[in-house]
Amino acid sequence: MSFRKPSVLPGFGLTFGFTTCFLSTIVLLPLAALVLSAASMHWSDFVRVVSSPRALGSYRLSFGASLLAATINVVFGFIIAWTLARYEFPGRKIIDALIDMPFALPTAVSGIALTTVFAQNGWIGRYLEPLGVKVAYTWLGVTLALTLISMPFAVRAVQPALQEVQRDLEEAAETLGAGRMYVLWRIILPTVLPALLTGFTLAFARAVGEYGSVIFIAGNLPMKTEITPLLIVIHLEEFDYQGAAALGVVMLGISFVILLAINLLQAWGRRRHVRAAH
Amino acid sequence: MSITLDQVTKHYGGVPVVNDVSLDIGDGEFFVLLGPSGSGKSTLLRAIAGLSGVDHGRISLHGRDVTHVAARKRGVGLVFQNYALFRHMTVADNIEFALRVRHMRGRARRQRRAELLRLVSLEGMDHRLPAQLSGGQQQRVAVARALAHKPEVLLLDEPFGALDAKIREELRRTIRQVQRELGITTVLVTHDQEEAFAMADRIGIMSQGRLLEVGAPHDLYARPATRFVATFLGAANLFLARRTPDGIQVGGKTMGGAERAAGGPEHEVVAVVRPEEVEVAPARDALGSRYLGNGVVDEVTFTGALERLRVRLDEAVHAPLLAAGDGDGRSTLQVTRTRHAYRGFEVHQGQSVAVGLRRVHVLPTPLSSFTACAQSAPLADELSRQPLLTELVARMKTRIAVRIEPSLGVAEEPCQAQGEFFGTTVSAAAGDNVRRAEWLLRRGVKDLLVLPEHAAPPQRVLIHWMSEAARSATLAVSASVLRHVPAEAVYVGIFPGSSDSERHSHGMRELLDARSEAQAAHGLEMRTELHFGDVAQELTRRLAEAPAQMLILGISELRQFADSFRTLLDGGRWPVLIVQRGAT
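In order, the protein sequence lines correspond to chains U and B. Here the numbering used here is used: the first residue of the first sequence is 2, the next is one more, and so on. Here the numbering used here is used: the first residue of the second sequence is 5, the next is one more, and so on.
The hints are simulated quantities; they were obtained by calculation from the structure and are not laboratory data. Heads up, some of the hints might be wrong.
Claimed, not checked - Just a sample of chain U residues kept apart from chain B, beta carbon distances all over 10 Å, derived: (1) 16; (2) 64; (3) 183; (4) 242; (5) 250.
Claimed, not checked - Calculated cross-link-like contacts (lysine to aspartate or glutamate; reagent style EDC-like; alpha-carbon spacing at most 20 Å): (6) 154(B) to 31(B); (7) 154(B) to 97(U); (8) 257(B) to 318(B); (9) 154(B) to 97(B); (10) 257(B) to 319(B); (11) 77(B) to 130(U); (12) 77(B) to 171(U); (13) 154(B) to 119(B); (14) 77(B) to 156(B); (15) 154(B) to 272(B); (16) 257(B) to 289(B); (17) 77(B) to 172(U).
To be verified - Just a sample of chain U residues kept apart from chain B, beta carbon distances all over 12 Å, derived: (18) 24; (19) 34; (20) 61; (21) 76; (22) 92; (23) 97; (24) 126; (25) 127; (26) 140; (27) 167; (28) 168; (29) 176; (30) 184; (31) 194; (32) 220; (33) 225.
Quick caveat: nothing in here was measured; it's all calculated off a predicted structure. Virtual Cβ for every residue (Gly too), placed ideally from N, Cα, C.
I would like the entire structure built from these sequences, with the hints used as guidance.
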């Protein structure tokens, strides 16, 4: 079978070759090395490492906080993207630029900044303390850090979709008698739903892999505020490369399953439309 | 009345995109708003739908003032050019949208949906998605959706723009049929005159935010009142002609087919001749219509049922054609012939033919052409390149002639150039304007435009007349100017003395009279202002208040002209158009 099909665009062979080569070197090869490294362990060792109570606690925190952060970001990211896409106001460009700041900042800096604000004697933490709300050194702080660093992904994924929602559609709905909330629920949200899911996926993926900003605000108490990436680093510092690789493989597996699930959800949503047509 | 618009005005960034539009649309009428892109027709439609607000004026639907009512409460159905169907919903859900919003029960909803689908001939398409339909079918769904909630008014915004010719034809018929069946008042916006002719009960033609003319398709085509409508509704040859006591003269020859020739002195007019009203024959004797002159065939185009010719008239025929061709200098006569006619007399390129005119229509516009008048050729030449003047000439599709009067402004000196003054005479505003203006007005100039060097197209035109004798002519000239300039018209009524309640109510009555005459006789919408004091002083003060203003001043005698208007004119700060009528 040949990949070659007549096309006005030249160079399919070249670009396809480059794509496979590049992906293999940068993505597949290191991942394979990780899996191989873990595979050199004895099975019982592997199970012991990845199912230790400390590891289990870290999974719960890592994935739980990441899912929570991604959810928060989809909701608030939508509102921010809506504001930026729909309204002209002084300072809009500045806010638009601010969105990308967490992209550019070294994550450790974000961590330090958050700690300054939310520590017990921090600017905001000081007022939360008497209310019994502790942010720094709890799961709340971890979620906060993950929300901060993954926020741009959600906003940037939704913004173009919102800009593209035809004003005509809203106007058509309006002349048909629909109120604003009705238009938002029935017209705008269904139209940008795929973009919202993409934003969720990206934000979640970013949050799961985050390390730098979390370690400052988390306090890193085993079982309580220790995220999986940190546990991996701890293993590395003890020169337990295989243990680190084993945890890495588990993270890889869980992330893959979640991302796959979201993708399937999107595909299902698309199919539902087509099915409705028959 | 189903839809009533009263002085509707909408600005974008200071520019009026809909300018003082007043209109009544009757119950069950199919009304077409026709105009080139950017003429404000879509904005006006959106204003009726409630999707964009208006800055001034009122909109009523079936007697209910809806100017400040939200779109969703106006009870209109709107169809967009790009269908605007909800792509994530099926045809059924799209059509039922308005019914769901109104919480209609399932069974009634389904019944209404079936009814609507039958109406637009889309039975059985209920469960398709918009993406699975052709463009024409999608637009049918959009029409059904817009009709679902039984709106009182159906608005169509270029609904056929994205469709190919055959589908367009079919959909046109469907919409017209649906409209007749339901008897629903409908407004359609288009830039396609053929579409307008095919569908409309009445057409309203818009240009630069103004509603220029409203009428039945046939009337507008046969008897346009403005050159824009004459040339926009199908092809037209525009001539500069003379109205004489004997009739209308084109190229020095009286055209018997012309409409009534009004009495009064000879003056210049703009004549419209449709291409199908031009006859060509091998020789003068073979013509069945009034002979105009000889010409040479420049171009022959075969289009099936019709044959189009371009004929260049001989130089000896002195009938100035105004921009009939694609560019200046290439003014050729457009002729269309039916199959019957071109079988009888075949022509080919380069052939010499005799040209006759079957029917000549004279535009009622008082502004025909411009003549730049100055003391020397370079000055006149410079004046004829003045930006406001060239802009006006381009918009009015007319021409600028040049006239040299070396002793312009020197009292008692006679005219030196040959012939009378025709059309609008233009004089540069430089120094002693009032003396030169009076000189020209005393020597037969009827319309005089005093033009400062840097004057730009005005945003506001002030109108005033000194005596009742000049009133009607001033309004006619103002209407003509404002058809070509997207400016706001303001009638400034000025009464001597100071304001007291009796004078005030008398003044208000006069303003209302003036406004209704402008509207009824000239289709001119203008705002009115009431001032008390000295006329020239008040006008000068009003002109100085804002930039980019122009004055149109009607006068009927020159006795105190120089003394009154010295300050206003000699400053040379504003373009002033003086209309002199009713003088003895």
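Now for the hints, and whether the structure bears them out:
1. 16: About 30 Å separates residue 16(U) from the closest Cβ of chain B, which puts it past 10 Å; holds.
2. 64: At roughly 31 Å from the nearest Cβ of chain B, residue 64(U) sits farther out than 10 Å, so the non-interface label holds.
3. 183: Violated: least Cβ distance 6 Å, not greater than 10 Å.
4. 242: holds (50 Å)
5. 250: Non-interface label stands for residue 250(U): nearest chain B Cβ at 40 Å, farther than 10 Å.
6. 154(B) to 31(B): At roughly 15 Å apart (the allowed maximum being 20 Å), residue 31(B) and residue 154(B) satisfy the hint.
7. 154(B) to 97(U): violated (44 Å)
8. 257(B) to 318(B): Between residue 257(B) and residue 318(B) the Cα gap is close to 14 Å, so the pair holds against 20 Å.
9. 154(B) to 97(B): Holds, at about 17 Å.
10. 257(B) to 319(B): With Cα atoms ~15 Å apart, residue 257(B) and residue 319(B) stay inside 20 Å; holds.
11. 77(B) to 130(U): violated (51 Å)
12. 77(B) to 171(U): holds (15 Å)
13. 154(B) to 119(B): The hint holds at about 12 Å.
14. 77(B) to 156(B): holds (12 Å)
15. 154(B) to 272(B): Roughly 53 Å separates the two Cα atoms, so the pair is violated.
16. 257(B) to 289(B): holds (16 Å)
17. 77(B) to 172(U): Holds, because 13 Å separates the two Cα atoms, which is no more than 20 Å.
18. 24: Answer for residue 24(U): holds, closest chain B Cβ roughly 33 Å.
19. 34: Label holds. Min Cβ-Cβ 44 Å, cutoff 12 Å.
20. 61: holds (37 Å)
21. 76: Residue 76(U) clear of chain B: closest Cβ-Cβ about 21 Å, beyond 12 Å.
22. 92: holds (22 Å)
23. 97: holds (24 Å)
24. 126: Non-interface label on residue 126(U) holds, nearest chain B Cβ at 45 Å vs cutoff 12 Å.
25. 127: holds (47 Å)
26. 140: holds (37 Å)
27. 167: At roughly 7 Å from the nearest Cβ of chain B, residue 167(U) sits no farther out than 12 Å, so the non-interface label is violated.
28. 168: Per Cβ check, residue 168(U) is inside 12 Å of chain B; nearest 9 Å; violated.
29. 176: violated (4 Å)
30. 184: violated (9 Å)
31. 194: The claim breaks: residue 194(U) does not keep its Cβ more than 12 Å from every Cβ of chain B (closest is about 8 Å).
32. 220: It holds; residue 220(U) is separated from chain B by about 46 Å at its closest Cβ, greater than 12 Å.
33. 225: holds (44 Å)
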